[in-house]
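Trainee: Below, each chain spelled out in residue letters.
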Amino acid sequence: MTPADRTRTRIWIAASFALLAFPLVRWARAPAGGRLFLPRTPLDGIRPDLAREWTFLDQARRALPERCRFTVLSPNLSREMDGFMMAIGLLPAAYPRPSSYYEALMRRRPADVDYVLYYGEGEPRADLPGFRRVSVLPGGAIFRRATATPPAP
Amino acid sequence: MKAVLLFAAGHLLLLPLGAWLAFHPSLRRQSLGVRLSGALTAGAVGLTVEAMALTALGIRWTPALLCAPLLALSAALAWRWAGPDVGPDGPARAALRGPAVALASAASLLALAHLGASLLTERATSVDYVYFWGVKAARFAAARSIDPVLLGWEYFFHAVPSYPPLVPVVEALPAMLAGGMAWKTGPLAALFWFLGALPVVWAALRRRLPEDGAAAVAGFWTVALALSLVWSFSGGNGEAPLLFFLTVAGATLLCERPERAQADTSRALVAVALAGAALAKVEGLVGALLLVAGVALRDRLAGRPQALARGAALALAPAAAVLLWFGFQRAVGLPVGYAGHGFFFDLHFENVGKILATALQNLWGGTAGLSWIVPAAVLLLARSRRDALPAFALVAGTFAFLLFDYLHDPDPSQRIGWTFPRVTQSGLSLWILAAGVVGFRARVGGDS
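These protein sequence lines map, in sequence, to chains A and B. In terms of our numbering, the first sequence opens at residue 15 and continues consecutively. In terms of our numbering, the second sequence opens at residue 2 and continues consecutively.
Just so you know, not all the hints are guaranteed correct.
Each pair of labels, with its calculated beta carbon distance range [stated by the list, open to error]:
#: 1; chain 1: B; residue 1: A107; chain 2: A; residue 2: V39; range: 17 to 27 Å
#: 2; chain 1: B; residue 1: L6; chain 2: A; residue 2: P152; range: 22 to 32 Å
#: 3; chain 1: A; residue 1: R20; chain 2: B; residue 2: V337; range: 50 to 60 Å
#: 4; chain 1: A; residue 1: R43; chain 2: B; residue 2: I60; range: 44 to 54 Å
#: 5; chain 1: A; residue 1: P62; chain 2: B; residue 2: H349; range: 27 to 37 Å
#: 6; chain 1: B; residue 1: P17; chain 2: A; residue 2: P124; range: 39 to 49 Å
#: 7; chain 1: B; residue 1: P17; chain 2: A; residue 2: G144; range: 45 to 55 Å
#: 8; chain 1: B; residue 1: G370; chain 2: A; residue 2: R49; range: 20 to 30 Å
If we take Cβ atoms under 10 Å as the criterion, some of the chain A residues that face chain B in the derived model are [what the hints assert, rightly or not]:
#: 9; residue: R24
#: 10; residue: A35
#: 11; residue: G48
#: 12; residue: L50
#: 13; residue: P53
#: 14; residue: R61
#: 15; residue: M95
#: 16; residue: G103
Hints listed in this document are in silico derivations from the structure and should not be mistaken for laboratory results. Since we're looking at a predicted model, the values are computed, not measured. Beta carbons are placed, not taken as given, at the ideal position from N, Cα and C, and that holds for glycine.
All chains should be built: construct the whole structure from the sequences, respecting the hints.
Mentor: Okay, here's the thing in structure tokens:
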């Protein structure tokens, strides 16, 4: 190895440690006790707002039959879209039905859903005739159709 | 906990599924780490091809059905290729020791710890993981197929159904084994893919550089890319697999020794890795073709025989992979091809300045741009930059591709912020490796 190559090696190594200063600062700035923790959702570290919605959907999932038909409602249409996208994965065998898509309301509410996952405080933005609240969860509630629906497709 | 372990085991299962490549004559004399990387490459690609074939035939997956044919293929080819070593030499097997190796390893381990801790605490998770990457995997596992009904559903548009299927297929197998997605563990797959590329990077650099120099450049590469994966929120999406495939192919091609380029290249590994890139993301095909074009140009300028023919041969694998995906789309009744971001020539040229400025800001890489700047300085000072051409082609071509893509958007700033830091990571990977290759005096003589 030539002296020049030795110098180059030192520069690359010094640069590697220089890069490490950046995450060091980030970890040091994290609040004490909050640096290492076991997350409750896949979103805890990046989007606490979405993490709360995820928690609601995850809890709702446990109360729903595997192959049910459901929709997600929220007073905030952006939240509704987030919830719809995440629920498709959290309920992988169920049949999702959108009530809105990218903040555009459907012309008619999906007619064949068995369950409405309502994320938000207060009451749903419209009456849910034929549905009754069956469960209240942190962040929202589950409504279930009181009357029979056609068999799942 | 059991589900998490099964989920992890499902990822490791890719190794035996692709073990045939580890026994290929061009890899048999390489280090165990390189052979394992080869097995991972072939396992992921083989599983994806098989998943497409079974779905197109209307056969629902089971873990056994997915694994048995690939395991049988691996066993048969390993048997077939057993025998005296005929492949090219691996890098020197001298003991790795000395202060340079120790310091580079220490820096790498710190960076890997940062990446692991960030993924574990969900600080590096991509939101797209819960919007569609993980969603596709969960639904594919539940449907036991690359669910054409889901992909063709108008209200699944947000999940970009035309994306090639490797990442969700590879995640669906562990999900089937575990009885569902291990959502919180899923982003750790990025660490798995990243670790998979490391042996190839180190071995390739050792082929071209002095031992200490190879360790130093590999250390810088590890730190820069680990930080970038965290900074660009690449946990759980397709970025880490794409980085893996393009780095495996790119490092192998970049570090070919000029005097024996034909014999040096582990061609089977490169071909399968390029196919993997094309099956991982839309940008993978672009990256693979740019890389191959750069290699052909480099070889042509170096006066190597059959440079263009060799480049064309390398391009066959990613092209075939994408044609296979398009053929699958056609077979199951999905729209064929990739969806664009608008009409092809409906461009907003008034945004060029804004796009360039925003893109430049997003080359930060979590290191104030140092990850790009240090190799750039080395490349600038190098006596010859010809061997860096594959990296130049990939970086320049990716930037041009992204610029063209962003020009379709009336207001692209937000999308640049979301996509540019992660889509440019494969370019950063080869940018660093190219600087290492041209910055040091080439290693001469044999491998040992």
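Trainee: Each hint: holds or not?
Mentor: To see whether the hints hold, each was checked on the structure:
| no. | hint | in the structure |
| --- | --- | --- |
| 1 | B:A107 / A:V39: 17 to 27 Å | holds (19 Å) |
| 2 | B:L6 / A:P152: 22 to 32 Å | holds (29 Å) |
| 3 | A:R20 / B:V337: 50 to 60 Å | holds (56 Å) |
| 4 | A:R43 / B:I60: 44 to 54 Å | holds (52 Å) |
| 5 | A:P62 / B:H349: 27 to 37 Å | holds (35 Å) |
| 6 | B:P17 / A:P124: 39 to 49 Å | holds (45 Å) |
| 7 | B:P17 / A:G144: 45 to 55 Å | holds (53 Å) |
| 8 | B:G370 / A:R49: 20 to 30 Å | holds (26 Å) |
| 9 | R24 | holds (8 Å) |
| 10 | A35 | holds (9 Å) |
| 11 | G48 | holds (9 Å) |
| 12 | L50 | holds (6 Å) |
| 13 | P53 | holds (4 Å) |
| 14 | R61 | holds (6 Å) |
| 15 | M95 | holds (8 Å) |
| 16 | G103 | holds (3 Å) |
Violated hints for the displayed structure: none, as all numbered hints are satisfied.
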